[in-house]
Structures are given as C-alpha cells and as structure tokens.
Amino acid sequence: MTFRQFAFNNVLRNKRLYIAYFLSSMFTVMVFFTFAIFAFHPAFSDGAINQNALFGMLAAGGIIYVFSFFFVLYSMSAFLQSRKKEFGLLMMLGATNKQIRLMVFLENILIGFFATVGGILTGLVFAKAILLVAENVLIISESLNFYFPTFAIVITFISFMFLFFCISIFVSFILRTNKLIDLIKGDKKSKGEPKSSRILSVLAALLLIAGYGTALYVEGTQVVFALIPVIVLVTLGTYLLFTQLSVYIIRRLKSNTSIFWKKTNMLLFSDLSFRMKDNARTFFMVAIISTVAFSAIGALYGFQSYLDKQIKESTPYNIEYMPWRDDTKEIIDQDISKVNAILEEENISAKMESIELNYFEMPELDREVLVVRASDYNRLAAMVNERLLHPMENEAIVAENSDTQLAMDSKASEVLMASSVEIGTGQEIKPSHVVNSFVLINDGYYVVDDAFYEQLGTPVREDMSAVWKADEGQSERLIKAGRKLNEQVEHRVYAIDYTVYEINKAYGPILFIGLFIGIVFFVSAGSFLYFRLFSDLDEEKRKFRSIAKIGLTQKELKRVVNWQIIILFFSPIVIALIHGGIALSALSRMFDYNLAVESSLVLGSFAVIQIIYFLVVRFFYVKQVKRMVF
Amino acid sequence: MLKLTKVSKIYEGKVAYRALTDIDLEIEKGEFVAIMGPSGSGKTTLLNIVSTNDTPTTGEVTIEGEKPHKLKKNALAKFRRNELGFIFQDFNLMHTLTVEENIVLPLTLDGTRVREMKEKVHKIAKSLGISTIMKKRTYEISGGQAQRVAIARAMIHDPKLLLADEPTGNLDSKASNDVMKMLVAINEAEKTSLLMVTHDAQAASYSDRVIFIRDGKLYSEIHRGESRQAFFQKIIDMLSLMGGDGNDLSSVRV
Ligand SMILES: Nc1ncnc2c1ncn2[C@@H]1O[C@H](COP(=O)(O)OP(=O)(O)OP(=O)(O)O)[C@@H](O)[C@H]1O
Ligand SMILES: [Mg+2]
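In the order they appear, the protein sequences are chains A and B. Note that the first sequence covers residues 1 to 630 in UniProt numbering. Note that the second sequence covers residues 1 to 254 in UniProt numbering.
Just chain B, same shape as in the assembly (with noise of 0.2 Å):
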C-alpha cells in the first residue's frame, strides 16, 4: 500500500545536505514497520517525506495507488485528512480546544455530522480508556494521556495509514507498552497499516518488522519471528553492531 521508490532527500542550505539516498521501500496493507537508526540518521526525514510534510527531492512515493507529492495543494490537505493519520512527537494538540474537541477537529473539517462525530469519539475514547478526560483541557491532562488523545486524533477517521514519530518519546515503560499494545491492537482490528520511527527497542518489538537507517541509507531490515522477546534482543543486537548502544539512542530526539 505504501511504496518508496529511489526516494533522496537533498537539504539545500549554505552546504547541501545528502540526507536520504535511494530509499526502497514498501509496506503491505495491515503490516506494522518500525524505523530506526542512530540521531540524525534521516528517520524524521524519511516520515515527514511519507507524511507529505516534506517533498523528496528525487524518487517517487505512491500510497494506494495515488502519488500525493504529484497533488495540488488543497487536493493534499484532503487527502492527508482522509488517508494519513499522524502521531507527533510532541502531540501536536490545540491548547485552546478541550480532549474531545482536539479529537474531533479532523472531522469537522470535513464536515461530518454531529452525530456521527460523537459516537465515533465516544467509541475511540473508551477504547483507549480516555473517557474521563474529554472535558479538560490539553494542559491538565499528563504525558502519556496527551499521547492518547493524540492517537485517538490520528485514528478517528479511520486513516489507510498511520504514521507515529516516536510515540513512546515521553513516557515511562509501563505507558509506553500501553500505548503500544493500542497501536496493534488498532493496526490488528482496522487493518491499519502502520509506520512508526522509534529510538525504543521495546516499542519496535511490538512491530511486525524493523528497518534500520544509517547515514541516509537503508542498513539492514529485521523480520519478527514466533516471540516477542527474541525479536527485541535481535533489535538490541543490531543495534549494538550499527554503534552506539540502545541507551545512547534512547536519549535523543528530534
């Protein structure tokens, strides 16, 4: 469903910056990829790309078929309202508008009806065990419920792609397999397909495969077996071998 084909990114400053080059890469519908690499290794780079937040420089990206880098302006904003859902690091909430108000904003603007916009928010909210905070607003709620909130924003209009930069960024072990087991438990009922940049190896075990960037380049990419728990220590391993050890990663971020 998503499909990268020789995508490079060059930054173009005082000194060009080869960020990304050649990047192949596909994602079958319903499957569950993590991305990871050492800080500054192009991660970001390659999701806002998928994002449509950012243009490639060469290469081409096609989601379903459409190749969104090729739509007008307006054209794009609906399509990434309606077949791009995002997780940012930072939330990414309204402080003026309440949880529940922050939740449905993606559907208003599509004009969906009030009815249909309370249900889907009341469904999406006691399934991510939210339902308690959807009158506060952004700054009284912690970490790990904003993280909810803003997976609940990302999911509610039920996107073809979920797109997460380091989702577990701010949360302690316990909040992040939280969040984790949300992420598949959704990617696993709705078919989702999911993408997710990580610098956690206990987050990337909960995907289905792992892709490993280094230098802008695509360095190996690691399959989950029969456990979960193999395949973390697989994660830790190649991580090792990329350089640097997981706890160096796990303390940087964009």
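Okay, chain A solo, but in the shape it has when bound (with noise of 0.2 Å):
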C-alpha cells in the first residue's frame, strides 16, 4: 500500500469524523455558489441593472469569498485539533513529518473537491427554489429565470479549488510547528485560559460608546460623513468587546465566589471563559456579518417603502393632470376628454375634479405664490375625505404637503409663515397657522376665503389641474390604464399606480438580489454557530458524563447546555441587531423618513427566525447530550 493509498483509505475509513467538515465545506460552497448563480445572471450582464447595483454584489461576492476562506480554515482547524493525537501516534510509530504533512495535504484536497463539486450540485437545487420563492413574493416577472450557469460552475470550481489548495499548504505548514509532545496531549488540558486586559476592555465599551454615539448624533447629510468613523469604531469596538470585554466580565464572574460557586454555575462558566477564545473570533465573524445582513435588508425594504409612500401618500389621487405653461385651452380639454375616454375604455368608474391654481406677487417674498379659494380647495378635499378647511373672511391658513420635502430643504411653510399677503386695499395680513395637507401637490400655499379672494387682485399667472379619484378595488385595470396614458398624453398625466409599478418593477430585482445576499450572510452567520456548537460536542459529551457519575440531575444538564447554546446564539445576534438598529435609525435622519416600522419588521423578523433557529438546534443537542450521558 503506498502511502498515497493510506490517506485515501483513512478518509474512508474515518467517516464520522470527516463528515462535519465535508458538510461544512460543501455548505460554504454552496452559497457561494448559488450567489455566483445570480451575479452571473444573464439579466444583469446586459445592463438591466445599474451600475451600482452590480458593484454592490461583486463586493458582497468578495466579502462572501473571504467569509468561505476564514470559515473553511476554522472548521478545518477544528477537524485537525480533534486528530492531534491520531498524528502524534503515527509519528511516533515513525511516520516521518514529510508524510504526515503530504497525507492531511492529500486529505483536504480530496475532501475539497468533494466538498466543491457537492456543493454545486446542491447549490443548483438551492438557487431554483430561491427562485421559485422569489417569483410568487416579488415582481419580477421574466427578468430572473433559470439558466444553466456554466460560467459560474467555472468561477465557483476554480476559486475554490484554488481555496483549498491554500489552505492544504497552509495547514500543512501549521503541523509542522507542533511538538511531538503536544500532539499527543492534543485535545486535553494544556489549553490555557484566555487573557484579558482591563485597557482594552474600557477602550472596547469606549468605542462602542462613541460609535453609537455618533451615530444617534448626526443628522441628514452628516450621516454620509459620520458613516466611515462609525464604521470603524463599531467594527473595532466588537472585535474587543469579544475578545477583551467578555473574557473580563467573566473572569470577573469567576472570581467572585458567590456567584461562580453557585449551582450549576460553575459549570457553565468555567467552560464559558476557556471556549471564549475560540468562540470570540466566531463572536465577531457573526456578528459583523449580520449586521451587515440586517442593515442591508433594513435599507433596502426601507428605501422601497420610503419611495412608495412618497408617491402613494404625496397624492391621494389615482390620477392628476397637469398642463404645460403655454398649453391653449383646447389642449388642454383635448387631453382631458382623452384621459376620460381612456377610463372609460377600461371601464373604470372615476370621478374627476379640476381646480384653477393662480399665482399671486407677495411684497414680502421675490417669489409668487399659489393662493387658493376655500370652496375649491374643500372641493378636492371632500373626494379624498380630508379635513375642509374653513379660513375666517380675513385670515389666511399655509397648507403644505410636507412629505414631498427633503429634509435639507427649509421648509416652505416657515417662508410662508414669516410673509404676509396684501390685499388690494393695502392691507396686510399674517398667516394664522400651518395645516398638512395632501389635497396639493405644490410644495406650500395659502388658502383663503372666497371673499378675500376675490379682493386679491390679478394674478400673475394661471394655471390649472384636473385629477382623478377612482373607486377603489381597480388597481389592475389603473395599471392597465396608466400605461396607455403614459403613451397618449405624455408628460402632462401622473398616472400613480401605474408608476409605482413600473418602480416596483425596476426595484424588484434589487430588492432581491439584497434579500437574497441578505439571507445568506445570515444562513452563514448560523450555520458558522452550529459548526462551533458541534465541534465541542465530544467534548462536552465527556464532560457531562464525568459529572454525572458524580450525580447530575437532568434538569441541572438542561440548565447548562440551555444556557450554553442561548451565549452562543444569541450574544453575538444581539449585538448584531443593535448595530442593526442603530444603523437604521441613522438612516432614516438621514432621510427624514420614520423607518421604525421597517426595522423593527425586518430585526423583528430576523430574531424570530433566530429564536426558531435556537429552539430547533437545542432539541438536537440536548438529544444527543442525553443520550450519551443517561
């Protein structure tokens, strides 16, 4: 038998053993794969997607890239630490350093190409059903269907056989390192306890502190600046709460008697602060990528709503009709009787108002402003059921429709306010206060009482508008209609549902493409937790079998391993949702738009899916603890 030989069989015959780090690789390879699926689609390669888009997820493909490197190094790590002792017997049988390094050297890229070549296969099967779920939640009709991704088999062959080539190199490399004393003590004892400082521990909150700091500080544009600092102090921040902040908590918690000798305690806290070095990194890992997760997903669904409810609440019209500056009458009435007609043509049952808008000089202001009667303002306002306003003979009320403003805009009410309005006798007269509306457009203007109209004066320029509120339960037939009044009075017709299906539209990809990313970073985030989980079983297996020959009641097992997996599963998950949340909230100053349903939706969502998670993931283990030690 030729050594070769040997390592082939010692893969075969360790089975078990293997197994978990087969899966995790193949795993790592599957969702890199099933991503490279959608990066390579067709549908963006010919410039449906814009620029930036397409940038984003090559980025995110890298980010996926490194994630699968650090990841195949940590599940392969853990797989040689429980062989130490294997190698440390064959070398002391007199296998020679040169053989045992070519033997895990042969190993790992047999497991790899397994690992890849599976994980194209059930990447395949994976992308189709994201696909089919995707299809039947958003729209996106024949954009993204299913093709044979040939070049991204090339890509994902390649990039990872490459990967674990490196990594066989690289772990080769590591053995050799190892005394033959170690090897043989392996997995048991020697493993010191993790150090902490108490410096970097108060540096680690200090950063945190001023990260979120900024970040619930600034406003508006300042939010773009703050977002690289922030970045960097939140990001260093968890690094050190992990490795430096949690090891101290807990050490502390050691030390005091009364905590740590009390029940099951000890247990879970002597194991807490040994597993803390491993489990730091995977701490950090995790939660990086899930905020990551959770801010992407937040933005995107955050910015769709925030764009759909501008359109949809700006106006509360199905329809609005605007004439250019020099249009005649007869183009005008032309243009209304073909919108008209075309609602009938869909028969949809609409009723339609028009309302002059005139523009007045104000003395105050180097602007003209919209002054509007209040019989015609109720008039608009009682088809959309708003509040009818009714100004006093000599009183004029601001009316503004505040959502379509940015933020960095001075409002135009505040303007509105501080002037006053002349009437033609020379008096002058204060606006009596502010009213939201969205029964206009316009940015803001002044409704008055018929009479005082009247004494205004000319004005310096007229202008009118016609809109359309249809009953409701006809959005396909609007849509329908939208379109066909896009073509045949262009410019001058808002048509509102159909434009927000056509956002939707050119967004649905988008949205899905974030999602998906999204989706997995966090499946990885989990899957990186279960992996940590279950490399420790054997151990922990041994451990609680030990303890209860001495006498441990099942609840007390339960207790630990409960607690255990909620550390595990939750720490770095809840650090991730208030990086999450705090990321959200600087967005939403950013824009001036509420986004605390959204986010909380969307960490909401997450956080179930993770307490699922949890509940799935502890049946199991406790199962197999159980089994093992009663």
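Take the hints with a grain of salt, since some may be wrong.
Rough simulated footprint, nothing fancy, chain A against chain B, three-plus residues with beta-carbon under 8 Å [unchecked claim]:
id, stretch
1, 72 to 85
2, 185 to 191
Quick list of in silico lysine to any residue cross-link-like pairs, SDA-like style, CA-CA up to 20 Å [claimed, not checked]:
id, chain 1, residue 1, chain 2, residue 2
3, A, 549, B, 136
4, B, 73, A, 329
5, A, 549, B, 97
6, A, 543, A, 604
7, B, 70, B, 57
8, B, 29, B, 2
9, A, 549, B, 83
10, B, 78, A, 566
11, A, 480, A, 504
12, A, 263, B, 116
13, B, 73, A, 545
14, A, 543, B, 222
15, B, 126, B, 190
16, B, 135, A, 268
17, A, 262, B, 134
18, B, 120, B, 83
19, A, 541, B, 238
20, A, 541, B, 95
21, B, 136, A, 269
22, A, 549, B, 116
23, A, 541, A, 530
24, A, 555, B, 2
25, A, 195, B, 76
26, A, 262, B, 178
27, B, 136, A, 255
28, A, 626, B, 134
29, A, 626, B, 131
30, B, 73, A, 550
31, B, 70, A, 630
32, B, 135, A, 504
33, A, 623, A, 566
34, A, 329, A, 353
35, A, 558, B, 75
36, A, 541, B, 97
37, B, 136, A, 193
38, A, 543, A, 269
39, A, 262, A, 252
40, A, 263, B, 76
Keep in mind that the hints were calculated from the coordinates and are not lab data. Only a predicted model underlies this, so the values are computations on that prediction, with no experimental measurement involved. We treat Cβ as the ideally placed atom computed from N, Cα and C, and that holds for glycine.
Since each chain sits alone in its own frame, please combine them into the complex, following the hints.
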C-alpha cells in the first residue's frame, strides 16, 4: 500500500470524523455558488441593472469569498484539533513529518474536491428553490429566470479548488511547528485560559459608546460623512467586546465565589471562559456579517417603502393632469377628454375634479405664491376625505405637503408663515397657522376665504390641474389605463398606480438580490454558530458523563446546556441587532423618514428566525447529550 | 448498610456475556471492604452496579434501606450526590476548574452556602495535605496529588458509602501507602463505609475484609486478623491460589 492509498483509505474509514468538516465545506461552496448564479445572471450582464447594484454585488461576492476562507480554515483547524492525537501516534510509530503533511494535504484536496462538486450540485437545487420563492413574493416577471450557469460553475470550481489548495498548504505548514508532546496531549488539558486586559476592555466600551453616540447624534447629510468613522469605531469595538470585555466580565464573575460557586454556574462559566477565545472570533464574524445583513435588508426595504409612500401619500388621487405653461385651452380640453375616454375604455369608474391654480406676487417674497379659494380646496378635499378648511373672512391658512419635501430644504411653510398676504386695499394679513395637507401637490400655498380671494387683484400666472379619484379595487385596470395614458398623453398625465408598479418592477431584482445576500449572510452566520457548537460536542459529552457519575440531574444538565446555547446563539445576534437598529435609525435620520416600522419588522423577523433556529438546534443538541450521558 | 442479593449482570451484545453470577454481599456501617480478583473477573462491573452507574440484570441492591436502582433518574442523581462518594481510577477531574473548584463541585450543585463550602474545603484540604495546590489547575498537579483531590471531592459531602476503583493504581508504593492511610483515617473518623477495588495486595491489606471474585462469582473472602503484615501474606497466598501471581495482577487495569 502506498502512502497515497493510505491517505485515501484514511478518509474513507474515518467517515464520521470527516463528515462534519466535509459538510461545512460543502455548505460554504453552496452559498458562494448560489450567489454566483445570480451575480452572473444574463439579466444583469446586459445592463438591465444599474452599475451601483452590480458593484455592490461584486463587493458582496468578495466578502463571501473572504468569509468562506476563514470559515473553511476554522472548520479545518477544529477538525485537525480533534485528530492531533492520531498524528502524534503516527509520528511515534515512525511516520515522518513530511509523510503526515503529505497525508493532510492529500486529504484536504480530496475533501475539498468533493465538497466543491457537492456544493455546486446542491447550489443548483438551492438557487432554483430561491427563484421559485422570489417569483411568488416579488414582482420580478420574466427578468430572472433559471438558466444553466456554466460561467458560475467554472468560477466557483476554480475559486474553491484554489482556496482548498491554499488552505491545504497552509495547514500542512502549521503542523510542522507542533512538537510531538503537544500532539500527543492533543485536545487535552493544557489549553490555557484566555487573558484579557482591563485597558482594552475599557477601550471596547468606549469605542462602542463613541460609535453609537455619533451614529445617534448626526442628522441629514452628516450621516454620510459619519458613516466610515462609525463603521471603523463599531467594528473595532465589537472585536474588543468579544475578545476582551466579555472575557474580562466572565473572569470577574468567576472570581466572585458567591456567583461562581452557585449551583450550575461553575459548570457554565468555567467552560465559557475557556471557549471564549475560540468563540470570540466566531462571535465577531457572526455579529459583523449579521449586522451587514440586517442593515442591507432593512435599508433596501425601508427605501422601497419610502419611495412607495412618497408617491402614494404625496397625492391621494389616482391620476393627475397638469398642463404645460403655454398649453392652450383647446389642448387642455382635448387631453382631459382623452383621459376620460381611456378610463371609460378600461371600464374604470372615477370622479374627476379640476381646479384653477393662480399665483400672486407677494410683497415680502421675491417669488410668486399660489393662493387657493377655500371652496376650491374643499371640493378636492371632500373627494379624498381630507379635512375641510374654513378660513375666516380675513384669514390666510398656510397649507403644505410636507412629505414631498427633503429634509435638507428649509420648509416652505416657514417662509410663508413669515410673510404676509397683501389685499388690494393695501391691508396686510399675517397667516394664522399651518396645516399639513395632501390635497395639492404644491410645496406650500395659502388657502383663503372666497371673499378674501376676490380682493387679491390679478394673478401673475394662471394654471390649472385636474385630478381623478377611482373607486377602490380597480388597481389592475388602473395600471393598464396608466400605461395607455403614459403613451398617449405623455408628460402631462401622472398615473400613480402605474408609476408605483413600474418602480416596484424596476426595484424588484435589486430588492431580491439584497434580500438574497442578506439571507445568505445570515444563514452562513447561523451555520458558523452551528458548527462551533457541534465541534465541541464530543468534549461536552465526555464532560457531562463524568459529572453525571457524581450525580447530575437532567434538569441541571438541561439548564447548563440551555444557557450555553443561548449565549452562543444570542450574544452575537443581539449585538448585531443593536448595531443594525442603530444603523437604520441613522439612515432614517438621513432621509428624515421614520423607518421604525420597517426596522422593527426586519430586525424582528430575524430575531424570530434566530429563536426558531435556536429551539431546533437546542432540541437536537440536548437529545444528543442526554443520550450519551443518561 | 449495603446489601447485594443474588446480583447478576449479563452484558447484551452480539454475544451475551455473563459478567456476574448471583453475588451476595453485605457491608456493615463503617466497614472497609476490598475486592480483588483476576483481570476480567467482574470487579469493575460490580462496583459500577453498587455505584448505580450500571444496573443489575437480576438481583437487588440496597443501600441504607434505599433501593437506588428503583429510583427515578433525577432522584438517583440526588442520591448519588448525597449518599455516595466516588474515587475514579482516572480521577475524573474537570480540567477547566481549579483544584478547589473541583472539590466543591458536588456541593455547589446542591446549593450549599459559600461560607460552608469554604470551611469544608479548607478542612479537608488540610487533612489531605493539599492546601498549597488549591488554586492550581488539574494539569499542573502530579498523579498522587490528583488522587488526593479526587478523594477530597468524594469526601466533601460526608457520604455514607465511599466507592473507590483502584485508587492507588497510578501511585508508587509510598504515595499509595499515604493514600491508604488517609482512607483508613477517614473510614475511622467519619464511620464511612468503604468499598474498594484493587489489584494491589499492599493496599488491600489496609481493609477489614477482602473479597475475592473469579469468573463473576464470589470465590472466597478473608478477614483481617491482628496484624496487617499477616493479613497481607494471606492475601498474597489467596491470589496465587486463584491463579496468577501478584505482579501479574498489578499490571492490569480497567
Ligand atoms: N460494556 C460491556 N459489554 C460487554 N462486556 C463487558 C462490558 N464491560 C465489561 N465486560 C466484560 O465483563 C467482564 C468483566 O469486566 P470488568 O470490567 O468487570 O472486569 P475487571 O474485573 O474490572 O477487570 P480488570 O481487573 O481488568 O479491570 C470482562 O470479561 C469484560 O470483557
Ligand atoms: Mg476493572
């Protein structure tokens, strides 16, 4: 038997040991491959999607690849850790260092090869499944169909064979530095307790506070400038939080005998402090990638709802008609009857109102301002169930549509409130108050009593507008009509339902990709935790068995295991949720648009998913441990 | 206080194996009994059954009037923790804990007050001569020290019955004698009953009575007379009568 055959057989015979490592590698490949399927989708390469989204995807691909590297490296080192004894034994029996390294190298290449192939195959299935879901949830229509991803296969295969090759070399180098005695002691004992420094622990807290503080303090465009520094602060802070502060806290807890010596705490904390070193890196990665996932999905979702709401709420009508400045009365009448004809064609029942919009010179402002008769205003307001306005004989009310404004502008209402309205007799009237109203799309205008209006003199500019409000439940027909209107009465007609539909359609793939990336990140974070947990399973079983011999009730066992898994599963996710929440709140202050609902929805669903995941994993884990112990 | 009636153990497997046959055994309160026998004769099996880590196929075990094998799992865990003390051959210490923490572990699980634990651990460490290593971790101490730590842990809750599987297996004869003297001292001072499996005739000679097992059956038993030296000689004789000499036996373990 040659040594190569020996290495080959070694893998086949030690199946159980290798399977965990194999599966985690395969999973990584699958994630990357599924991503590649979308990234290299023909729909994107022909320019249907904008450059920024493409760049974002490339960046995400890069991040996934880097994380794959670490993930494979970690699972491999956990795998090798459990086999150190075997190597030590082989060496004692006379195998040379070179032979062992060759063996590990061949093994890894072998596993890597099958993991890559397996990952590609499962990835194909996974991608198909995701597309099925996506088609039913988002408006993507024909644009993202399933295709045979030759290029993605090639890219994935080459990338991962390269990755496994590098890691194999890397690992066989690491092995060289180990002394025989270390190998034979193997997984046992001598692993020291991780240290922590008080200064770095304090620094961790300071960094996080500074990062959070800044993120919560800045507003508007400042957010953009604060972005990078805050990310750096928080990332560093998170790293130190897990590697230093958490270890520090646990050590403090351990040195306090009245806590540490209480019931099962000793079992829980002693392990925790030892695992923390391994866990810290996992926690850090999980927290960061989950934060990215939460923020990306939250931002995309928030942005979509922002756009939708912007359009839908800025105007309560279904169709608006606004002529151009030099349009004659004939053109306007012709257009309006065309709109009515199309609505009739599509069998849509709708009410129509038109309104004169006259602009007047204001003495204190160097611009013309719209003034509207209360009766006109109320006609439209009644149609869409807005509150009616009844100004006094010599009162002017400022109305504004605040949702159409960006936070960066100074508010129109402030300017109008500061000004006053001049009546023909020279009398000046101060506006009384501001109302927020959707009735007109215009930024800000005065609503005055009809009698008051007559005294205003001649307007500097005359304009008009017509609006249609359809009865509920005709949105499909409205979209169809909107398409026709857009073609036939171009530029002057604004069909809201159709516009929203078009935006969602264009936005669908981007949202989908964002969701997909977010979910991939979140799932890989989850699998990180999962493998972390199960790589320590054997040692856990041994430990609990030896304690059970002295007498450990099932309840106590359950409590310890429960807390262990809770800490493992929730400490990084809770941190990520806080990070994500703060990121989204900064975002909402940037657009001055309340994202509370969207954020809580996104973060809440992730929290729920994580809880379900936790319950499932705990069920199997406890079952496994119990079966071995009792 | 401990009573075995017609205890048999059959290991089910591809081939069922009868490891113990109709063992009858009674141990008085405060008695110190050693079990000896050739390798594979069923000593560890017997001890595991008494320690409730294994169940007899037939027969009954009674400890202080209680039938532990009839207890529910949780009650059994509490029973072990309160009534029994174990000294395992491989010590069974937790390497993530310090020596002191290892010793108090059974007490912490029971929710004893910290002050009380401190007092107890201090007292027992002093009597076993391990006060200086209390803050060390388990891999930083020698085999003999670890053995004493294991004894301390087994004793800390004043068990009624102390079970030891080859407690001197890893020790040289000096350390072995120290450990045995300690066990005898505890046995006498606390009136703790002691059941010990050993291959070491020297260690066995500290007991009040030695029971010999062969092929899963009681072979014979001898009581300690006036002198330990004579007792030791009788044990050696019995061992060679059973087959195999002392040296041969002392090199085998679980
Ligand atoms: N779990 C098991 N399944 C099947 N047979 C077992 C099992 N454990 C022990 N045996 C068998 O039962 C017999 C008694 O084993 P036991 O461990 O009690 O011996 P022992 O007297 O302690 O031996 P030693 O002195 O070598 O420790 C042996 O023949 C052994 O092969
Ligand atoms: Mg044995």
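How the hints compare with the structure:
As drawn, the stretch 72 to 85 of chain B meets chain A at 10 residues by the rule of a beta-carbon pair under 8 Å; at three or more, the given contact holds. Only when three residues or more bring their CB closer than 8 Å to a CB of chain A does the claim for the stretch 185 to 191 of chain B stand; here the count is 0, and the claim is violated. The hinted pair formed by residue 549/A and residue 136/B fails the criterion: a straight-line CA distance of about 23 Å is larger than 20 Å. Pair hint residue 73/B plus residue 329/A does not hold up; C-alpha atoms about 93 Å apart against a cutoff of 20 Å.
At most 20 Å may separate the alpha-carbon atoms for a hinted pair to count; residue 549/A and residue 97/B meet this at roughly 17 Å. The suggested pairing of residue 543/A with residue 604/A is violated, with an alpha-carbon distance near 36 Å, which exceeds 20 Å. The suggested pairing of residue 70/B with residue 57/B holds, with an alpha-carbon distance near 13 Å, which does not exceed 20 Å. Distance hint between residue 29/B and residue 2/B is fulfilled; the C-alpha atoms sit about 8 Å from each other, no more than 20 Å.
The suggested pairing of residue 549/A with residue 83/B holds, with an alpha-carbon distance near 13 Å, which does not exceed 20 Å. Distance hint between residue 78/B and residue 566/A is unfulfilled; the C-alpha atoms sit about 26 Å from each other, more than 20 Å. Of the pairs offered as hints, the one joining residue 480/A and residue 504/A holds, with about 15 Å between alpha carbons and a cut-off of 20 Å not exceeded. For the given pair, residue 263/A sits about 14 Å from residue 116/B by alpha-carbon distance, which is consistent with the 20 Å threshold.
For the suggested pair residue 73/B and residue 545/A, the alpha carbons sit about 14 Å apart, so the restraint of at most 20 Å is met. A distance of roughly 39 Å separates the Cα atoms of residue 543/A and residue 222/B; the hinted pair therefore is violated under the 20 Å criterion. In summary, the hint linking residue 126/B to residue 190/B is supported, as the alpha carbons are separated by about 16 Å, within the 20 Å threshold. Pair hint residue 135/B plus residue 268/A holds up; C-alpha atoms about 19 Å apart against a cutoff of 20 Å.
Taking the CA atoms of residue 262/A and residue 134/B, the gap is about 19 Å. The hint holds against a cut of 20 Å. This hinted pair checks out: residue 120/B and residue 83/B have alpha carbons roughly 17 Å apart, not beyond 20 Å. Annotation: proposed proximity of residue 541/A to residue 238/B is violated, straight-line Cα distance about 41 Å (limit 20 Å). Restraint check: the Cα-Cα separation between residue 541/A and residue 95/B comes to about 14 Å, which is no more than 20 Å; the hinted pair holds.
Distance hint between residue 136/B and residue 269/A is fulfilled; the C-alpha atoms sit about 17 Å from each other, no more than 20 Å. Between residue 549/A and residue 116/B, the direct Cα distance comes to roughly 24 Å. Violation of the 20 Å bound is thereby established for this hinted pair. Restraint check for residue 541/A and residue 530/A: the C-alpha separation of about 16 Å stays at or below 20 Å, so the hint holds. In summary, the hint linking residue 555/A to residue 2/B is not supported, as the alpha carbons are separated by about 28 Å, beyond the 20 Å threshold.
Simply put, residue 195/A and residue 76/B have alpha-carbon atoms about 39 Å apart, too far for the 20 Å limit, and the pair is violated. At roughly 33 Å between alpha-carbon atoms, residue 262/A and residue 178/B are farther apart than 20 Å, so this suggested pair is violated. The hinted pair formed by residue 136/B and residue 255/A meets the criterion: a straight-line CA distance of about 14 Å does not exceed 20 Å. Taking the CA atoms of residue 626/A and residue 134/B, the gap is near 32 Å; set against the 20 Å cutoff, the hint is violated.
Between residue 626/A and residue 131/B the CA atoms are separated by roughly 36 Å; this puts the pair beyond 20 Å, and the hint is violated. Only pairs whose Cα atoms come within 20 Å are accepted, and residue 73/B paired with residue 550/A is accepted, the gap being roughly 13 Å. Using a Cα cut-off of 20 Å, the hinted pair residue 70/B and residue 630/A holds, with the two alpha carbons roughly 15 Å apart. With a CA separation close to 66 Å, the supplied pair residue 135/B and residue 504/A exceeds the 20 Å bound.
A hinted pair counts as satisfied when its Cα atoms are at most 20 Å apart, and residue 623/A with residue 566/A qualifies at roughly 16 Å. Under the criterion of a C-alpha separation no larger than 20 Å, the hint pairing residue 329/A with residue 353/A is consistent with the structure, at around 16 Å. Among the hinted pairs, residue 558/A with residue 75/B is consistent with the structure: their alpha-carbon atoms are about 16 Å apart, no more than 20 Å. Distance check on the hinted pair: residue 541/A and residue 97/B sit about 17 Å apart at the alpha-carbon level, within 20 Å; holds.
A threshold of 20 Å between alpha carbons decides the hint, and for residue 136/B with residue 193/A the separation of about 12 Å falls inside it, so the pair holds. A hinted pair counts as satisfied when its Cα atoms are at most 20 Å apart, and residue 543/A with residue 269/A qualifies at roughly 14 Å. Annotation: proposed proximity of residue 262/A to residue 252/A holds, straight-line Cα distance about 15 Å (limit 20 Å). About 18 Å separates the Cα atoms of residue 263/A and residue 76/B, which keeps this hinted pair within 20 Å; it holds.
In this structure, the hints that do not hold are numbers 2, 3, 4, 6, 10, 14, 19, 22, 24, 25, 26, 28, 29, 32, in rising order.
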